[in-house]
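Construct all of the structure, not just a fragment, from the sequences and the given hints.
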Amino acid sequence: AQSVAQPEDQVNVAEGNPLTVKCTYSVSGNPYLFWYVQYPNRGLQFLLKYITGDNLVKGSYGFEAEFNKSQTSFHLKKPSALVSDSALYFCAVRGYDQTGANNLFFGTGTRLTVIP
Amino acid sequence: GAVVSQHPSWVICKSGTSVKIECRSLDFQATTMFWYRQFPKQSLMLMATSNEGSKATYEQGVEKDKFLINHASLTLSTLTVTSAHPEDSSFYICSARAAGLEQYFGPGTRLTVT
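For the protein sequence lines, the chains are Z and H, in the order given. For the first sequence, the working numbering assigns the number 220 to the last residue and increments by one with no breaks. For the second sequence, the working numbering assigns the number 179 to the last residue and increments by one with no breaks.
Rather than coming from a laboratory, the hints here were simulated on the basis of the structure. For every residue, glycine included, the Cβ atom is placed at its ideal position computed from N, Cα and C. Treat the hints with caution; some may be incorrect.
Subject to a maximum C-alpha distance of 25 Å in a straight line, what follows is the list of computed SDA-like cross-link-like pairs (lysine to any residue) [stated by the list, open to error]:
1) K106/H to N145/Z
2) K120/H to S148/H
3) K126/Z to L111/H
Covered stretches of chain Z (chain H as the covering partner; in silico rule of three or more C-beta atoms under 8 Å from a C-beta of chain H) [as the list claims (entries may be wrong)]:
4) 133-146
5) 207-214
Below, the structure written as structure tokens:
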């Protein structure tokens, strides 16, 4: 079975400071990992993904994520936070559900608030 | 990037009526479409997966007779909430995927049942 854990419901960071949103995963086989961002009353926007290759993945809006196989983590990072980064962030892993279909499994989300 | 649209973006309906939500992939053909439900401050719950031209596969606990899903073409899927009740009020998000691509999400539909 596959699962994703986002241990922090809320992350607060001052504008200009680096930010990290944590994600750990559990999956059999090679992990396909994703980060999405959701703004209020909006759908999810794709930020970045890890399939294979370099452990440091660069994505949209200056975000990056580091894949760590030994720690089964895929933390989202940004060197300098902006107020406009305030949103809900979801980590996801691709895997097979109970019906055998290949789907995305989402974490519970982390609300990021960047304080001016 | 690929664009997925949903219509309507919000809808208010009376208890007992049915509501249809459309999901369209605008610039790609979606072999698979997904419907999610999101409660306030919670993650997305996958309701069902549909492949074009075949019946939807529903997740455990989702009533297929209440949430009717039709994937009539490679660019359109519809979710009909039948005999809606206030507890069906939620944010419904569709997602579309072409073979080999990641999933792209629609902007969501806010359903309020009074």
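Here's how the hints hold up against the structure:
no. : hint             : result
1   : K106/H to N145/Z : holds, 11 Å
2   : K120/H to S148/H : holds, 21 Å
3   : K126/Z to L111/H : holds, 22 Å
4   : 133-146          : holds (count 4)
5   : 207-214          : holds (count 6)
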